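Model the placement of chains B and C on the given structure of chain A, informed by the hints.
Residue numbers (numbering that gives the first Met the number 0), protein chains in the order written: chain A, 0 to 392; chain B, 0 to 268; chain C, 0 to 408.
By construction, these hints were calculated from the structure, which means they are not laboratory data.
Owing to the predicted nature of the structure, the values given are computational and were not obtained by experimental measurement.
Take these hints with a grain of salt, some might be off.
Derived DEER-like restraints, expressed as beta-carbon distance ranges [to be verified]:
#1 B:167 x A:106: 35 to 43 Å
#2 C:167 x A:232: 39 to 47 Å
#3 C:72 x A:10: 22 to 30 Å
Pulled a few chain A residues facing chain C out of the computed Cβ check, cut under 8 Å [stated by the list, open to error]:
#4 105
#5 126
#6 140
#7 142
#8 184
#9 208
#10 317
Just so you know, even glycine gets a beta-carbon here, dropped at the ideal spot from N, CA and C.
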Amino acid sequence: MTLWSLIVLVALTALAYATARTKALRLRDTANAVTLHSLPNYHGYYSATLVFLSGLFGVITLAVFNPVGAWLMPAATVAICAVVGYASLSRIRSSLRARNKFEQISLYVLVACSIVAILTTVGIFASVALESFRFFSEINPFQFLFGINWSPTGEPASFGFIPLLVGTLLITTIAIAVATPLGLFSAIYMAEYASSDLRRILKPLLELLAGIPTVVLGFFAALTVAPLIRSTGESFGLVVASESALAAGLVMGMMIVPLISSLSDDIINAVPQSLRDGSYAMGATKSETITKVVLPAALPGIVSAIMLAVSRAIGETMIVVMAAGLAANLTINPLAAVTTITVQIASLLVGDQEFDSAKTLSAFALGFVLFFITLALNYFALRFVQKYKEQYD
Amino acid sequence: MDQMSPQIITTPKIMSERTIRISAEDVNIYYGEKHAIKNLSVNIPDRAVSAFIGPSGCGKSTFLRAINRMNDTIPSCRITGDVKLDGKSIYDKDVDVVQLRSHVGMVFQKPNPFPKSIFENVAYGPRIHGLAKNKTDLEEMVVSSLKKAGLFEEVKDRLHQSGTGLSGGQQQRLCIARAIAVNPEVILMDEPCSALDPIATARIEELIDELRQNYCIVIVTHSMQQAARVSQLTAFFHLGILVETGDTNEMFTTPKDKRTQDYITGRFG
Amino acid sequence: MTNSFGKDDKTFLAKRYSAERRFKFYGGAALAITTAFLVFLLVDICRKGVPAFIEHHVSIPVLIDPAKVDAKDVAAGDFEGLVKDAIRAQFPEITDRVEKKKLVGLLSQSASNDLRQAVIDNPKLIGQTITSSLLLSDNADLYLKGAEADEKIASLDKLRAQNKIESAFAWRFFTNGDSREPEQAGILGALIGSLLTVAIALSLSLPLGVAAAVYLEQFAPKNRWTDVIEVNINNLAAVPSIIFGLLGLAIFLNVFGLPRSAPLVGGLVLALLVLPTIIIAARAALRAVPPSIKEAALGVGASQQQAVFHHVLPLALPGIMTGAILGLARAFGETAPLLMIGMVAFIADVPHGFTDAATVLPVQVFLWSDLPEIAFQSKTAAAIMVLIVVLFALNAIAIYLRRKFERRW
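Next comes chain A alone, as it looks inside the complex (with noise of 0.2 Å):
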């Protein structure tokens, strides 16, 4: 019934437009020929814009708090839209600023919509907030904090949260060492050496690689990459566990690549030429310039393109989900299996669940530790970057 009366709303809306537009059309092309403050078609807009809202407001309401029965709802959207109509249009002269009221209207539209944003921040703040407080209103927060046995589902549950900080860590500190050297180096040389054809096919390139969901990294991580670290590992004789942190490292390494080289080309494009050609005066070689001049001048730049490289792997959840394991255990060991943060949160509230248990809760405390690494590191990041620029403005 919602659907049908959001139907009829659009009905009626358009109804309102051409009966409001047609009113100040012959109000233009009476004898007297006033001259109207606004074009018939912002009567036409400003009536139809009024109906619509009123009526999708009502809808709306009606949606949540069905105080009337569903069959109603349809009359009910008429009934509001008829009375809203009626009155704007009865109130169509030639002196109506219908423009700038049906303007003042938009502009409130707008400002909602980017209000949206904020409720957003504001929904995952409360919902991870309000859960994590239910959480540690059960488990005191030192244990979870500075607990190194992290079993959910055990008896007794314990919840101690280093085993997955530190597995975590594991995995993005493999990512970042394989992400760093190739994005960066891929960067250089997209901005100083390649041709402007060159780049033109391997910008896309990085950017297909940059598309590939996670799920498919993942399952490439899982089925592919792992047995082969393994088998390469047995053959040196070392204990590989079959979901090695090192499989899930590498792989999320690569996922990193293009977030690390767009970034970082962008900003060693935006040191300006005229420090290169300082230095290219002065008899330099190519590399000696990036390397003593523009990489220098690129870094806090590329300092805060690492920041947010970390801040995505650390939230990056397919991969580890699919390659690294459930087993919480606190080894730095690339070869051994670790899990991550996102793992368990994950693997906590996929299937049935319910609601109270401590165990469900403590995914919503996980999702809030992980809220704010992130977003610390993307907020200093960006303010870097900010700096940064400002310099070359």
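Using the frame of chain A, we list chains B and C on its own:
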């Protein structure tokens, strides 16, 4: 505040022959902290070309943009004092800037046609102001505006091609046609020839001279020769102060202020 | 000063040039490694996935026995019995009960269903013996595709030797919903689920995002409040996607009581997820339109909104569309947040509406990748191929749009 030496107040001859269209009284304009126009008062005659000259950064463009309230688009810009069009203050609360700008047209420094057809460029103004009753009406308006701007003969076969495909001079005349199309009484021109070559410039200057018969034209220019060629009244700005206003031919031969003299003889600016 | 040009230290210079060459090589190598990874990934997926597009049938005579199929109620007929009889008839020599069971196990459950459908469509077949193409089970299919089997399946080898095995393009991969049986499982349900979810996501995030971008770029005063919105959007763009799943779970499911596993909720979550991306792209596109265009419109007496909606926005539209397509691609490939809101259940039916239980293609990939049957590995890779083809197409459109409408003022 030694810069605030009194401006030379004499009544130019042209003012006695024409009615006053625009009058500014004690106008001050600020960009944030910067005081861009200081205590400016001036009268601008109808059916004549008034030129604002002066070195860059002297505030002549700023004042020009105050006449059709284009400065409203700059958030940090404040204005005190009053500007009147036909005796009515344009900064009154009940003035709709949109209507004001349909009476005071503007041509910009760089030709800025909309990336649409030539026809659409000129038709846009009449359309948003509801000036044309029907399609033929609108077509007549477009053609007559293009004719007044001296562009019609060159573009009559390609009215529906893009306006951005024209040469620089043609683009600027298109912008003039676009401004004329909404029947303004005043046309403001902000260095309209600075992006054009000498031949296109001469063509625009001729056009300005023709348009003078029907409009009140205010032109900001860098070039003193241009001011001398096209204007009847000249106002010289320096560091945000209107130094001197006078009939153009007198101003260039017998300037009254030392600074004007220095500028005209090329000692600074 | 003596003239020293041409008398430089040659060995030092050579050293510097080789350093230069090494440096350039590192750059090229980095790009080569990245490209190689991409190629290896795609080739590996294709190698695994291509066999899933082929299915095998056994073509043998089947007697549509009127004793087992009643012409008045064809649907209730014992087609499983018919199929069993038909395959056993091929191997009269097999009498052992276990062996017989194995023999029947070579056929898919779908074989009898296909036959049922054929007879429902054409009841005249009852009483006749027809040569029917019966779908083989996943294990038989794998054996025929050359997978290493623990033991040789003699019966299949015999059928193959008799030319009774047919292979065909596996259309049912595109026309079936999910199934526990690998040879019957298809991606139609997941594709429709993705379509519904992404439709909701885009129809919400595009208007919201463009409106927000227009406001922030063209109308918003520069003050603390707009700074807050700006910082907020930038940060939101980098919030891990799984957190959006937590939001969906806590707010949309638990507070608003919307249905679990529904494309409606998935779409809402993805809309919020791609909103910052679209806002940022739309703002960049709007910023690229030179202010002189807006000034020109204001100069002829257009209001701010007329100037923006008649001139600036249309000119920014190609850029906005590019951003929207990239947002669409992101939404289409996203998995993690949808796990949180229950789109991860086994759903065999194709969803018919926005509130039906559904899954989406990336989640289908995740689900299949976790299953023990080896045949699902190939299905997973095949589903990935479909996913990647769609995403590459979207990316290609975005790149094309960007190149075509790239405009320099």
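Cross-check of the supplied hints:
1. Hint check: residue 167 of chain B to residue 106 of chain A, Cβ distance near 37 Å, so the stated range 35 to 43 Å holds.
2. Here the CB-CB span from residue 167 of chain C to residue 232 of chain A is close to 42 Å, well matched to the stated 39 to 47 Å.
3. For the pair residue 72 of chain C and residue 10 of chain A, the supplied restraint of 22 to 30 Å is violated, since their beta-carbon distance comes to about 47 Å.
4. Because the smallest distance between the Cβ of residue 105 of chain A and any Cβ of chain C comes to about 6 Å, under 8 Å, the interface hint for this residue holds.
5. At a threshold of 8 Å, the smallest CB-CB gap from residue 126 of chain A to chain C is about 3 Å, leaving the interface hint in force.
6. Taking 8 Å as the C-beta cut-off, the interface hint given for residue 140 of chain A is violated, the closest approach to chain C being about 19 Å.
7. For residue 142 of chain A, the suggested interface contact is broken, since its CB lies about 22 Å from the closest CB of chain C, more than 8 Å.
8. Interface hint status for residue 184 of chain A: upheld, as the beta-carbon distance to the closest one in chain C is roughly 4 Å, under 8 Å.
9. Evaluation of the residue 208 of chain A hint against chain C yields a held restraint, the C-beta minimum of about 5 Å falling below 8 Å.
10. Proximity of residue 317 of chain A to chain C holds as hinted, the smallest CB-CB distance being about 5 Å (cut-off 8 Å).
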